[in-house]
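Participant: At position 49 of the sequence shown (counting the first as 1) the number is 50 in our numbering, and the numbers step up by one without a gap.
For the record, the hints were derived by calculation from the structure and aren't laboratory data.
Beta carbons are placed, not taken as given, at the ideal position from N, Cα and C, and that holds for glycine.
Take these hints with a grain of salt, some might be off.
[What the hints assert, rightly or not] Derived pair list, reagent style DSS-like, types lysine-lysine, alpha-carbon separation capped at 25 angstroms:
hint: 1; residue 1: Lys-66; residue 2: Lys-19
hint: 2; residue 1: Lys-56; residue 2: Lys-19
hint: 3; residue 1: Lys-18; residue 2: Lys-7
hint: 4; residue 1: Lys-56; residue 2: Lys-15
hint: 5; residue 1: Lys-8; residue 2: Lys-18
hint: 6; residue 1: Lys-15; residue 2: Lys-27
hint: 7; residue 1: Lys-18; residue 2: Lys-66
hint: 8; residue 1: Lys-66; residue 2: Lys-24
hint: 9; residue 1: Lys-27; residue 2: Lys-7
hint: 10; residue 1: Lys-7; residue 2: Lys-66
hint: 11; residue 1: Lys-25; residue 2: Lys-15
hint: 12; residue 1: Lys-15; residue 2: Lys-83
hint: 13; residue 1: Lys-66; residue 2: Lys-83
hint: 14; residue 1: Lys-27; residue 2: Lys-56
hint: 15; residue 1: Lys-7; residue 2: Lys-33
hint: 16; residue 1: Lys-7; residue 2: Lys-25
hint: 17; residue 1: Lys-27; residue 2: Lys-8
hint: 18; residue 1: Lys-66; residue 2: Lys-8
hint: 19; residue 1: Lys-83; residue 2: Lys-33
hint: 20; residue 1: Lys-24; residue 2: Lys-56
[Unchecked claim] Per label pair, the in silico range of CB-to-CB distance:
hint: 21; residue 1: Pro-60; residue 2: Lys-83; range: 15 to 25 angstroms
hint: 22; residue 1: Arg-29; residue 2: Met-67; range: 17 to 27 angstroms
hint: 23; residue 1: Lys-33; residue 2: Ser-5; range: 48 to 58 angstroms
hint: 24; residue 1: Lys-27; residue 2: His-70; range: 17 to 27 angstroms
hint: 25; residue 1: Thr-88; residue 2: Lys-18; range: 27 to 37 angstroms
hint: 26; residue 1: Ser-31; residue 2: Ala-86; range: 51 to 61 angstroms
hint: 27; residue 1: Thr-88; residue 2: Lys-15; range: 48 to 58 angstroms
hint: 28; residue 1: Arg-29; residue 2: His-84; range: 37 to 47 angstroms
hint: 29; residue 1: Glu-65; residue 2: Arg-90; range: 25 to 35 angstroms
hint: 30; residue 1: Gln-28; residue 2: Glu-65; range: 37 to 47 angstroms
hint: 31; residue 1: Lys-8; residue 2: Asn-54; range: 23 to 33 angstroms
hint: 32; residue 1: Lys-7; residue 2: Thr-88; range: 19 to 29 angstroms
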Amino acid sequence: MSRSIKKGPYVHPKILKKVELAKKTKQRQSIKIWSRSSMILPEFVGMHFNVHNGKTFVPIFVTEKMVGHRFGEFAPTRTFRKHGAHTERSTAIK
Numbered sequence: 002m003s004r005s006i007k008k009g010p011y012v013h014p015k016i017l018k019k020v021e022l023a024k025k026t027k028q029r030q031s032i033k034i035w036s037r038s039s040m041i042l043p044e045f046v047g048m049h050f051n052v053h054n055g056k057t058f059v060p061i062f063v064t065e066k067m068v069g070h071r072f073g074e075f076a077p078t079r080t081f082r083k084h085g086a087h088t089e090r091s092t093a094i095k
């Protein structure tokens, strides 16, 4: 469900403060984020973020194509383990 236009995008207030501080001091350090539901704004383009996926922090570099999406979309929470390979026993003709 999309958010109402009159409400505007949701961004955690601490993220905005950290971004403003990083732009003032021109720091190139990545910003740690736990709020996966925060929306990526045009102000964040060209910055590095570390988004928490529940276990570790996933490094993300924000590009123009990411604007309007949420941080959580780029930090998957589940790792896909490959399906089991075919063995001689399973492929043998019975």
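Participant: Decide, hint by hint, whether the structure agrees.
Facilitator: Status of each hint after checking the structure:
Taking the CA atoms of Lys-66 and Lys-19, the gap is near 22 angstroms; set against the 25 angstroms cutoff, the hint holds. As the CA atoms of Lys-56 and Lys-19 are separated by approximately 22 angstroms, the hinted pair is consistent with the 25 angstroms bound. Distance restraint check for Lys-18 and Lys-7: the Cα-Cα separation of roughly 23 angstroms lies within the 25 angstroms cut-off, and the hinted pair is therefore satisfied. Distance restraint check for Lys-56 and Lys-15: the Cα-Cα separation of roughly 21 angstroms lies within the 25 angstroms cut-off, and the hinted pair is therefore satisfied.
Restraint check for Lys-8 and Lys-18: satisfied, since their Cα atoms lie roughly 20 angstroms apart, inside the 25 angstroms limit. Simply put, Lys-15 and Lys-27 have alpha-carbon atoms about 18 angstroms apart, close enough for the 25 angstroms limit, and the pair holds. Using a Cα cut-off of 25 angstroms, the hinted pair Lys-18 and Lys-66 holds, with the two alpha carbons roughly 23 angstroms apart. Note on Lys-66 and Lys-24: the hinted pairing holds, with a Cα-Cα distance of about 21 angstroms set against a maximum of 25 angstroms.
For the given pair, Lys-27 sits about 32 angstroms from Lys-7 by alpha-carbon distance, which is inconsistent with the 25 angstroms threshold. For the hint linking Lys-7 to Lys-66, the alpha-carbon distance of about 23 angstroms falls within 25 angstroms, and the restraint holds. About 15 angstroms separates the Cα atoms of Lys-25 and Lys-15, which keeps this hinted pair within 25 angstroms; it holds. As the CA atoms of Lys-15 and Lys-83 are separated by approximately 38 angstroms, the hinted pair breaks the 25 angstroms bound.
Between Lys-66 and Lys-83, the direct Cα distance comes to roughly 30 angstroms. Violation of the 25 angstroms bound is thereby established for this hinted pair. Of the pairs offered as hints, the one joining Lys-27 and Lys-56 is violated, with about 29 angstroms between alpha carbons and a cut-off of 25 angstroms exceeded. A distance of roughly 29 angstroms separates the Cα atoms of Lys-7 and Lys-33; the hinted pair therefore is violated under the 25 angstroms criterion. Straight-line distance between C-alpha atoms of Lys-7 and Lys-25 comes to about 29 angstroms, which puts the hinted pair past the 25 angstroms bound.
Restraint check for Lys-27 and Lys-8: the C-alpha separation of about 30 angstroms exceeds 25 angstroms, so the hint is violated. For the given pair, Lys-66 sits about 23 angstroms from Lys-8 by alpha-carbon distance, which is consistent with the 25 angstroms threshold. Taking the CA atoms of Lys-83 and Lys-33, the gap is about 30 angstroms. The hint is violated against a cut of 25 angstroms. This hinted pair does not check out: Lys-24 and Lys-56 have alpha carbons roughly 28 angstroms apart, beyond 25 angstroms.
Pro-60 and Lys-83 have their C-beta atoms about 24 angstroms apart, which keeps the hinted 15 to 25 angstroms range intact. Between Arg-29 and Met-67, the C-beta spacing of about 19 angstroms keeps the proposed range 17 to 27 angstroms intact. A hinted range of 48 to 58 angstroms is violated for the C-beta pair Lys-33 and Ser-5, which are about 29 angstroms apart. The hinted window of 17 to 27 angstroms between Lys-27 and His-70 holds, with their beta carbons roughly 26 angstroms apart.
One distance hint, 27 to 37 angstroms for the beta-carbon pair Thr-88 and Lys-18, is violated here, with the actual separation near 55 angstroms. The beta-carbon spacing between Ser-31 and Ala-86, approximately 37 angstroms, falls outside the hinted interval of 51 to 61 angstroms. As the Cβ distance of Thr-88 to Lys-15 is approximately 51 angstroms, the hint placing it in 48 to 58 angstroms holds. Between Arg-29 and His-84 the beta carbon distance is about 41 angstroms. The supplied range of 37 to 47 angstroms therefore holds.
For the pair Glu-65 and Arg-90, the beta carbons lie near 52 angstroms from each other, so the given range of 25 to 35 angstroms is not met. Distance hint check for Gln-28 and Glu-65: the Cβ-Cβ separation is about 21 angstroms, which falls outside the suggested range of 37 to 47 angstroms. One distance hint, 23 to 33 angstroms for the beta-carbon pair Lys-8 and Asn-54, holds here, with the actual separation near 27 angstroms. Range check, Lys-7 to Thr-88: Cβ separation about 59 angstroms, and the 19 to 29 angstroms hint is violated.
Of the numbered hints given earlier, the model fails hints 9, 12, 13, 14, 15, 16, 17, 19, 20, 23, 25, 26, 29, 30, 32; all others are met.
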